[in-house]
Structures are given as structure tokens and as C-alpha cells.
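Engineer: Sequence:
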Amino acid sequence: MMEPYSGRVMDGHPLGVEGEVVYGRGASDMKGAVAAMAMAGAVIKRLPIRLKGDFKVAAVAQEETGGAGTLATIQHSHFLGDLVIVGEATNLELALGHRGTSGVSIHIRGRSCHASAPERGVNALYKAVNLIDRIRKEIEPKLPEHPIFGRTTIAVTRLEVKPNVSNVIPDECEIYIDCRNGPDYPAEALKSALEGLISDMRMEDPELEALIIPSSVVRGLRGFTGFYTDPERYPAVEEARSILAEALGRQPRLTTWRFATDGRFYSWLDIPVIGLGPGEERLAHTDIEHIRVQDYLTAIKAYAYLACRFCGYMEK
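Per this note's numbering, the very first residue in the sequence shown carries number 109; after that it's consecutive.
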């Protein structure tokens, strides 16, 4: 089979030949789960039963960039329910929530000049590199660890320079910091920590000019809080776990995602949200993304079990 990113052969099998694993962008995140949910509906339709409730499958757009598809589905189609199952990869364990997500851009100003005489200017890229190094040494180690969601994390994911010309010292540089925060580290805490660090660095380097801008200003996105479907508050969690034990032949482990999902929107509406999906979270956005065929087939069975038991059914 051809690996879709580089064209190299993964296992020697041509496309279309049955195998144990499906490789490709979206196999795990999250075409596998969408296909499994749709197939679960097809399986139920072939059974000699009729569901008493509604089993709905929503395949939405723009989940990666703020969740506009899910928001539109809720607002315009009133696509609600008594339980929401998010199919993001859980390796067929039961996910109950995730951390929040926010971000900031930092704009660094310098002074441009010809690259042949760098001493005449102020290299904004050098200032940015120094700032990134200090962030990693002084802010990252102090990020808190939450007992349920784990550690708050930050990562510099973008660096852009202007004028981006090979023989010109850049006079502008922008870095973007992605933050995945637990409830013990609100989005404002990162901005405050960065302001303190930049203030200290200015004492050492008066030429440093850096402006912090929240992602809501730059990209039109606000920070999102995470969510947690507490089993003590929502009986549906233990009910789902019991049903899945039958479908999977084992007791699923309770866990949380590292990344964010659209499940948060339904949680804000006080609808219990659980996560169950084939595939491994660690494979999302990688060049080795894949899903085990057996996990995909098991997910179909699990979704069908959940639909029948939660909706109830009668003979046709």
C-alpha cells in the first residue's frame, strides 16, 4: 500500500487489497469514526427491530478551526439529544472530556537594514528566538498539573518574519503560542506570565519591543474552556460503560483527550458527552496516521449497542 504523504510503500500491498490497517490522512481523525457511526445506523436498519428514540449522526465541517459546523448544526437544525457521543480517537476507551484551548500571538519589532551590515539594524528574528528560549526555560516548567486533565501545555506553533527577504534583516516577527489549559490555569494566566517575562527581558535588553495579542483579536477565535462529564453527576457514563463492556468484551478505561473536540458545545448545554472512537489520538496530524480494521469493525458494534440500549427498541 502506498503511504499518501511521501509515496513510499508501507506494506507491499496495492491499494484496494484487504489488510489489517488502513493508512492515510483522516483515517484516525476522523473518517474512521464517521464511517463506523454511519455503518452502525445501517446495521440497526437491517435488524428486526425499530428504535424508540432517534439515533442521529452528524458529520460537521471546521471542527479544527473553532467548531463552526457544530455550532450551526445546533443553532439552525436544533440537533440536540439526551446523550452525545464524540467519535474522536480514544483507542476504544471512554473519554469524558478535555482541557481548554487558547492562544496568543506576540509581535516583535526591530529595525531593518541590508543583511550585509546587520549591525545597522535590530534583528526581530533574534529577539523572537531569545524570547522563545526564555518561554521554554521560565514559563513551561511552572505550568500546573491537573489531577484529571494532566499538565497544561504550551507550544510555539508558528513563526513569521517580515519582510521575509533573504538579504534583509527582518524588522517584524510574529510567534503564535498554542495553549491547552486545565481549569487550574485560565487563559489569562498565560498572558500575565508572558507580560512578566517580557518586562524582565526589557530590563536586560532595552531594544526589545514585543506586543502580546490574544488569538481572539488576531484570528477571530476566543479561547475555549474544556469540559468534563462527571460520572457522579451523569448516570449515562456508567450506563455507557456497562453497555460497552458487553460490546467490547472488556471494561473500557475512563480517560480524557489531550486535544480539544466539539463536544464542549453540547457540554455547555448540560448534555452529557462521552467520547468513543477507533484509532489512536497520538496518530492525529502525523504522516503515519492509520487505523486498525478490527478496531473500526468493533466501533460499529459499539455504536450500534449504544444506540439500541440508550434509545430503546421494539420488534418490527
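FYI, nobody ran anything at the bench for these hints, they're computed from the structure. Some hints here could point you the wrong way.
Said to hold, decoys possible - Computed list of lysine-lysine pairs in BS3-like fashion (alpha-carbon distance at most 30 angstroms, straight line):
#, residue 1, residue 2
1, 153, 164
2, 245, 424
3, 153, 424
4, 299, 245
Engineer: Each of the hints needs a verdict: does it hold here or not?
Structural biologist: Against the structure, the hints:
no.	hint	verdict
1	153 to 164	holds (13 angstroms)
2	245 to 424	violated (65 angstroms)
3	153 to 424	holds (10 angstroms)
4	299 to 245	holds (16 angstroms)
Comparing the model with each numbered hint stated earlier shows that hint 2 is the single one that does not hold.
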